[in-house]
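Chains as they are written, first to last, in our numbering: chain A, 960 to 1070; chain B, 49 to 163.
Since the hints were derived computationally from the structure, they do not count as laboratory data. Every residue, glycine too, gets a C-beta built ideally from N, C-alpha and C. Please note that the accuracy of each hint is not assured.
Heads up, incomplete: computed chain B residues facing chain A, CB under 8 angstroms, no partners named [to be verified]: (1) T68; (2) Y72; (3) G86; (4) Q92; (5) F93; (6) G106; (7) D110; (8) F117; (9) Y120; (10) G132; (11) E151; (12) P156.
Keeping only pairs whose Cα atoms sit at most 20 angstroms apart, straight-line, the calculated EDC-like set for lysine to aspartate or glutamate is [what the hints assert, rightly or not]: (13) K1065/A / E998/A; (14) K1000/A / E62/B; (15) K999/A / D90/B; (16) K999/A / D133/B; (17) K1015/A / D90/B; (18) K962/A / E151/B; (19) K70/B / E123/B; (20) K996/A / E151/B; (21) K999/A / E1014/A; (22) K61/B / E123/B; (23) K100/B / D133/B; (24) K61/B / D133/B; (25) K105/B / D133/B; (26) K1069/A / D1025/A; (27) K996/A / D133/B; (28) K1000/A / E151/B; (29) K999/A / D1025/A; (30) K1016/A / D90/B; (31) K1000/A / E130/B; (32) K1000/A / D90/B.
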Amino acid sequence: EDKVVQSPLSLVVHEGDTVTLNCSYEVTNFRSLLWYKQEKKAPTFLFMLTSSGIEKKSGRLSSILDKKELFSILNITATQTGDSAVYLCAVVLDSNYQLIWGAGTKLIIKP
Amino acid sequence: AAGVIQSPRHLIKEKRETATLKCYPIPRHDTVYWYQQGPGQDPQFLISFYEKMQSDKGSIPDRFSAQQFSDYHSELNMSSLELGDSALYFCASRTLAGGSYNEQFFGPGTRLTVL
């Protein structure tokens, strides 16, 4: 059974801290891995990762994929209260472009 | 463990036809969310239900309607289908019980193609 597991389930840190969110997966036909940020209603796209070892970076956020160990991490440095959200990881299957979603990590940044 | 079930997984319809998508939440989950994700786009929130009552409404077209039934499953009814309705439709469920954060679980989606 295809599955995506995110950890931790929730995380509370102080502004300025650095956080690392984890996403591990077991799927039959991996195509790519997506990270989303969900603040209110719908997830918004952050990164798409297809190749191992190549870091994607956007401002204070970065992400990397390890296709050998089947996981990805999302790093946020110098966190701000606006980073508070649920971070979702999803794997796209090669066979039919179906998305398998993780349950998300709820990140709370305290001032 | 039981996950969110969506049916059908794939659906092909003609323009102006109707479609019904079904979502079966995880047992004991009281809240259901519907999302539409077009090709290369972020998921768009459509509508949500809590305890069989509509709790929030997003960018759901008037041609669409949805409801949550007594067994907590939900159906999204889409009429007068247009080509632009072709998308992945996700359902997600969670329980709001307990007051603390309870994660939202997404279903595998229904891929609707309108020809």
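Hint by hint, here is what the structure shows:
1. T68: violated, 20 angstroms
2. Y72: Nearest chain A Cβ about 16 angstroms off; hint violated.
3. G86: Violated - the Cβ of G86/B stays beyond 8 angstroms from chain A, reaching only about 12 angstroms at its closest.
4. Q92: This hint holds: Q92/B lies near chain A, its Cβ roughly 6 angstroms from the closest one there, short of 8 angstroms.
5. F93: Given a least distance of 4 angstroms, the restraint on F93/B holds.
6. G106: With a closest approach of 6 angstroms, the G106/B hint holds.
7. D110: Given a least distance of 19 angstroms, the restraint on D110/B is violated.
8. F117: This interface hint is violated because 23 angstroms lies over the 8 angstroms limit.
9. Y120: Constraint on Y120/B not satisfied, violated at 19 angstroms.
10. G132: Since chain A brings no Cβ nearer than about 17 angstroms to G132/B, farther than 8 angstroms, the hint is violated.
11. E151: holds, 4 angstroms
12. P156: holds, 6 angstroms
13. K1065/A / E998/A: holds, 10 angstroms
14. K1000/A / E62/B: Violated - the C-alpha atoms of E62/B and K1000/A are around 30 angstroms apart, more than 20 angstroms.
15. K999/A / D90/B: holds, 13 angstroms
16. K999/A / D133/B: It is violated: about 23 angstroms lies between the C-alpha atoms, which goes past 20 angstroms.
17. K1015/A / D90/B: Measuring from Cα to Cα gives roughly 18 angstroms; hence the hint holds.
18. K962/A / E151/B: Roughly 15 angstroms separates the two Cα atoms, so the pair holds.
19. K70/B / E123/B: holds, 5 angstroms
20. K996/A / E151/B: Holds, at about 14 angstroms.
21. K999/A / E1014/A: violated, 27 angstroms
22. K61/B / E123/B: Status holds; Cα separation ~17 angstroms.
23. K100/B / D133/B: Outside the cut-off at roughly 25 angstroms; violated.
24. K61/B / D133/B: holds, 10 angstroms
25. K105/B / D133/B: With a Cα-Cα distance of about 18 angstroms, the restraint between K105/B and D133/B holds, given a limit of 20 angstroms.
26. K1069/A / D1025/A: Distance of about 31 angstroms is beyond 20 angstroms: violated.
27. K996/A / D133/B: Violated, at about 24 angstroms.
28. K1000/A / E151/B: holds, 14 angstroms
29. K999/A / D1025/A: Violated, at roughly 30 angstroms.
30. K1016/A / D90/B: Since the Cα atoms of K1016/A and D90/B sit roughly 19 angstroms apart, the hinted pair holds (cutoff 20 angstroms).
31. K1000/A / E130/B: violated, 24 angstroms
32. K1000/A / D90/B: holds, 11 angstroms
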